[in-house]
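This is what each chain is made of:
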Amino acid sequence: MGAKRMVSHSLWIAWKDLLELTRVRMLLVLLVLMPLFMMLMVGYIFPTSGSINHLPVGLVDLDPGNDNSPGHTFVLQLEAINNQTGMMDLSSATSFADIKTKIQNGDIYGGIIIPENFSSSFMAGKQATITIITDQSNPQISQMMQGVLTQTIDQMGVLLAENRVINNTSIGADNSLAIVKPYAVETKGIVPGNPNYFQFVAPGIIAMVVMMSLMTALPRAISHEKEVGTLDGMMAAPVNRLSILLGKTIAQMVRGMIQGVIILVLAVTLFGVTIYGSVPLIFALLLLGVFSFVGLGIVITSFAKNEETAAMMMMTIMFPMMFLSGVFFPIQQMPWFMQDISKVLPLTYATKALRKVMTLGAGIPSIATELAVLIGFGAVMILIAVPVFRRAMTR
Amino acid sequence: MPSIEAVNLSKRYGSFAAISNLNLKIEGAKCVGFLGPNGAGKTTTLKLFTDLIRPSAGEALINGVNVHTDKKRALDSVGALIEIPEIYPALTPREALMMIAEIRGVPRSERNKRIEEAVSDVRMEEWIDRRIGKFSKGMKQRICVASAILSDPCVLLLDEPTTGLDPRGMTEVRDIIKSLKDKRRLILMSSHILSEVADVCDEVAMIDHGKLIVYDTISNVTAKVSGGENVVEVGLRRHVDKKLINKIAASVPSIDTIEKSDDTTLKIRFKGGLDAQERILASIVRLKIGVVSYRPASSALEEAYLSLITSTV
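Protein chains in written order, with this note's numbering: chain A, 549 to 943; chain B, 1081 to 1393.
Check the hints yourself; a few may be wrong.
Claimed, not checked - In silico DSSO-like pairs for lysine-lysine, Cα to Cα no more than 30 Å straight-line:
{"#": "1", "chain 1": "B", "residue 1": "K1323", "chain 2": "A", "residue 2": "K853"}
{"#": "2", "chain 1": "A", "residue 1": "K853", "chain 2": "B", "residue 2": "K1217"}
{"#": "3", "chain 1": "B", "residue 1": "K1258", "chain 2": "B", "residue 2": "K1217"}
{"#": "4", "chain 1": "A", "residue 1": "K552", "chain 2": "B", "residue 2": "K1217"}
{"#": "5", "chain 1": "B", "residue 1": "K1304", "chain 2": "A", "residue 2": "K774"}
{"#": "6", "chain 1": "B", "residue 1": "K1193", "chain 2": "A", "residue 2": "K552"}
{"#": "7", "chain 1": "A", "residue 1": "K774", "chain 2": "B", "residue 2": "K1152"}
Everything labelled a hint here was simulated from the structure, so no lab data went into it.
Since the model is a prediction, treat every value here as computed from it, not as a measurement.
Pulled out of the complex, with its shape left as it was, chain A reads as follows (with noise of 0.2 Å):
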């Protein structure tokens, strides 16, 4: 058979699957919701230091200071503080066993404890310490609260030992940081703007929208017609079962690039995501990242009898490598042998790639070894499920 007419065969094939889909209202719906609630999701319940707001906190004053003591003094900057940035609820606690059982009744997410000694040990010239208790059963919560409280100590601690030194030494106030904290810190990106959970999430789960896009509905696409019987009718026909795959195919790259503009349009307009680097680069490579899938969604088609198998099947490859590819955690925060496998996913390399251009405005150069894998894995992929493909519709 010709390949000019195979192709043609495979474009109404497409045209077909693609009609259907606009003609089915709840799936045109699902097409732009479901990208904007996964964008949603995952911008929002995963907490940054500017999404903790009004966290109950408990505070214990054990320091038996008067109403001018450094103790005390603390205390109420600490107030004016947190009444500027609202990022706590302080209440009052008595003490340590008393923190803790508020914490276990999830009435407080934390404490801060004043000790006895805060004030005398301030008065004798030495350092006073602060315990900052944390609820060890939501450690993305505490470690952030930590960072924050300890952050906002230090600077307040900065703060009075710059007092200090202008009021015991003839150190003016133009160098008494310098005294102080001799060494400053200036975080510089290489981009504008400042990093967001939303900036680092957007290239990984545009990658995966497009990806799972094809995994889930070629295999879905073929089971179903197979289960509905309209596949007989086509394989009943002289065309070329290649035609079949390759116009279901098209048709599921399609839908799946259309879904991937969608949350990047709903990234950039909605979630304050800037697109650094090139457009055009961006579609090329959510078309490389589809092509590297082809296969593997090819070879589940072939191995499902029917749609639940397809969908089962796709769940099992898909779940673990979307927390495993880099998407929504980095990869350098898993073990080692998370980290091995990760490096085995095509999923870890389109979202490395989409990430660097748009996050970072990386052109071809800076990401041709993620070019190359996706290139070399979907080649070797459609090699393999081609064949199984054809063997799989030869009863």
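For this one, chain A is given, so just place chain B on it according to the hints.
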């Protein structure tokens, strides 16, 4: 001349032989009924002829072309409805048939015309632009028939085309198949409904346990089983009474027995093949008794079937 040929065709599933060394050649423009009990291998045979499954041995040829080694050439002139055909519910008949026209190689310039003709042949013109999902089962079946005849194939393979339809739907599809006979086609139609085969088909092939039992004209098959005696049913406009029966018996030669089948139908048993059948018809018509139909008795086919097919699988 269109032809379908199975040459030593076999299909095994493990140790189970679905089709066993089938040799069957059907050629010419005619309608052939493909009969057999459940699990006999009818659908398997039709699937082998449409490359939906591969044979374990032998060949399936359509118009002399091997279906499995040269699928495109073999199936270019074939229309098929296999098992329980379905068609895309989200599309209109026009859209679905447009895609089918493409994959069946209907030239672009003729597509619209062919689609409208096919839809007209199955009497679905007013539904051509409505979504198939809203159709009844009978209507969908008609569209499936339209898809099978779209490329004006010379061979039609129909697998129990009236299964699951209500009586109205069955009649409509049967009438459509009868109308398709007029267009120089070879139609191979499997069915469980013997009266339908007797009504629509010219010849019959019976298969059992994957083996061909008989292939011949209906009258020859019924004659073989009935000891050379054939049975025809004559439908009349008038009521049948003893006087009429006696008149026919006296006037029409070659009749063995004549009996009343129902108020307006006679059952005539005779010896001989198609020539005898023709003579009897001519004689009865000359009597001017209001003959409205004349066909091999479906019950004769049923008797033949039950005699030849001794058990179900």
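Hints and how they fare:
1. K1323/B with K853/A: violated (66 Å)
2. K853/A with K1217/B: Between K853/A and K1217/B the Cα gap is close to 26 Å, so the pair holds against 30 Å.
3. K1258/B with K1217/B: holds (20 Å)
4. K552/A with K1217/B: violated (36 Å)
5. K1304/B with K774/A: Not OK: K1304/B and K774/A at ~43 Å, beyond 30 Å, violated.
6. K1193/B with K552/A: holds (24 Å)
7. K774/A with K1152/B: holds (21 Å)
Violated hints, in rising order: 1, 4 and 5; the structure is consistent with all others.
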